[in-house]
Amino acid sequence: MAKFQGIDYYKLDDHFSEEELMVRDMVRNFVENEVLPDIEEHHKEGTFQKDLIPKMAELGLYGANLPEKYGCANLNNVAYGLIMQELERGDSGVRSFASVQGALVMYPIYEYGSEEQRQEWLPKLASGEAIGCFGLTEPDFGSNPGGMKTKAVEDGDSYVLNGAKMWITNGTISDIAIVWAKLDGVVRGFIVPTDTDGFSAPEMKGKFSLRASVTSELVMDDVRIPKENILPNGEGLRGPLGCLTQARYGIAWGALGSAMATYETALNYAKERIQFDKPIASFQLVQDKLVTMATEITKGQLLAYHLGRNKDEGKMRHQMVSMAKMNNVKVALDTARVAREVLGANGILDEYPVIRHMMNLESVYTYEGTHDIHRLIIGADITGIEAFK
Amino acid sequence: MNILVCVKQVPDTETKVKIGDDGKSIDEADVNFVLNPYDEFGVEEALQLKEAVGGEVTVLSVGPESATSAMRTSLAMGADKGVRLNAEDVRLKDSFSIATALANAIQSLEYDVVFCGKKAVDGDNHQVGPMLATLLDIPCVSTVTSLEFDGASFTAFRDVEGGKETYTGELPALFTTDKGLNEPRYAALKGIMQAKKKPIDVSDAEFPAEDSLVVESMELPPESPPGKIVGEDADAVPELVRLLKEEAKVL
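So the protein sequences, as listed, match chains S and Y. Last residue of the first sequence: 389 in the numbering used here, with the numbers rising by one and none dropped. Last residue of the second sequence: 251 in the numbering used here, with the numbers rising by one and none dropped.
Just so you know, the hints here were simulated from the structure itself, not pulled from any lab data. The model shown is predicted, which means the values in this text are computed figures rather than measured ones. For glycine and all other residues, C-beta sits at the position ideal for the given N, C-alpha and C. Among the hints, erroneous ones may be present.
Unchecked claim - Within a straight-line C-alpha distance of at most 20 Å, the following computed SDA-like cross-link-like pairs (lysine to any residue) qualify:
id, chain 1, residue 1, chain 2, residue 2
1, S, K69, Y, T68
2, Y, K196, S, D14
3, S, K182, S, T137
4, S, K11, Y, K190
5, Y, K198, Y, T68
6, Y, K81, S, E18
7, Y, K196, S, K55
8, Y, K228, S, E272
9, S, K207, S, I348
10, S, K55, S, S127
11, S, K278, Y, P225
12, S, K50, Y, Y186
13, Y, K196, S, R24
14, Y, K197, Y, E65
15, Y, K190, S, G128
16, S, K278, Y, E14
17, S, K271, Y, K196
18, S, K11, Y, D12
19, S, K278, Y, V230
Unchecked claim - Partial chain S-side listing against chain Y, Cβ under 7 Å, derived:
id, residue
20, K3
21, E18
22, M22
23, V23
24, F30
25, A57
26, L59
27, G60
28, A73
Make a model of the complete structure from these sequences and hints.
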């Protein structure tokens, strides 16, 4: 099959710097050569492609927008976004791995951690020597994390943590967990080594989505950690929500990669599939589908691009991230579903990437702030009235 | 060790080529340019050699400013510096002119090893490397698939029809690189970030007074006629054989 060339209907490439394009093309080649050949097998088996962990580390893909002094590449946010786009063109699970490691584990240590914590953990996380996960969501508290039951109690020179987290990407394969728990009623972040007594992270089975990614529960039963493992800066929900803003930013770009993969598949298929003696791409109903996909992807690209430039200029508001995450994931999901239609019965086979992306996106639509919650965040922003309180 | 790698920026092989208005060159609008894949083997081999024995890797390219991006890719992979021999009309130049411009620049550099891709995937000439070696008056082994160095001596291996040839010689020498020599590395993000800080010297390319070859015209191959299905089962075989004999004339 022809090499993926991306979609650039609006000449956006002219607005990316040489460096940004070089980063994108490098990750694109990486995904082509290292992710795509094995991804269907891992999807089928329900396993994460672990050999990617050191390979992505070597390229510097974890926490790529963090400073060099911690072993990171200090990229701007547009280049970072392009990395996420290309990884998710491969698979949402692969992008999720890098997103969690960078935006949900390295970022909180960088943003809310002490200098000692940064020095200790960031280089190890950047090099893939340590893997991390992020524990916020609980079985009974998803969209409303403020209600969390997980508690930390001070005891001498330790904190003792009790509680359970759910839907935790990378949990079972992690060396550390960033766990959010209430200390005297206030949400705080803790660095919890996963080999601490009382900590376990069983993998969740039975997923029809993100099958090539590890999803776990975190169970903490009197987990005792040293006091210096608390993240000193960032009290209350603004800590975890700040991390989620970073991760959602990456998802806004990542979703475009997935949409490009399914659109490209549908376009190629429609041009080659002959019915009634001509390619199905020559039928108006099919063209309508393809045009909608191309238009929505292009609009999504403009959102992500401007969001990225705003972020680099310090003008990004978290509500803007909500809009891009909400819109672009919906675009990707709709694109995948319609691509499945274009492929007809072939659309349900894993010979094509479409059904895998489609099922993955059902998770992406819901995680890191559901589609509906993002609508309400924007709703609250433009009306001044919070609908979820 | 001083290692030189000659690189060329070429259209991505996936590009759908259109002939330009002059009828002699391709229309470069909407063309995605990349580092010539055979040159990438040269860059990788140079980096491995540098990592083994120390030294410096310099990439050279003849071309306009837009050719810089192929050089940046090489620098991002780990090359130390670049030399660009400025020429606007590089696509109209023949191989000998390019080799001469490179030789003129290389004369004033110190070098032990020169790598060139065995060919550029656009012109497909296979000429610049051997011509450059001749102009520099150094030994040349073309299309190498394996290389060993021992001090100032080298052993080079190349695939030939049904077997393998082994050459030995002394440096300085030039090698044209073929697929199989190595697996080029990805440019890591740190390399990409450092690449823009690495120096690229620019000077005007010194070509011979005239090109010995001039492109007169360029045209796309004729569209291949549509395929024909002569039948579906064994009954179709006689007709297929007849067509292969009489129309396609391949039997």
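- Message: Taking the earlier hints as the rules, which of them does this structure contradict?
- Response: Checked against the structure, the hints that fail are numbers 1, 4, 7, 16, 17, 25, while the rest are satisfied.
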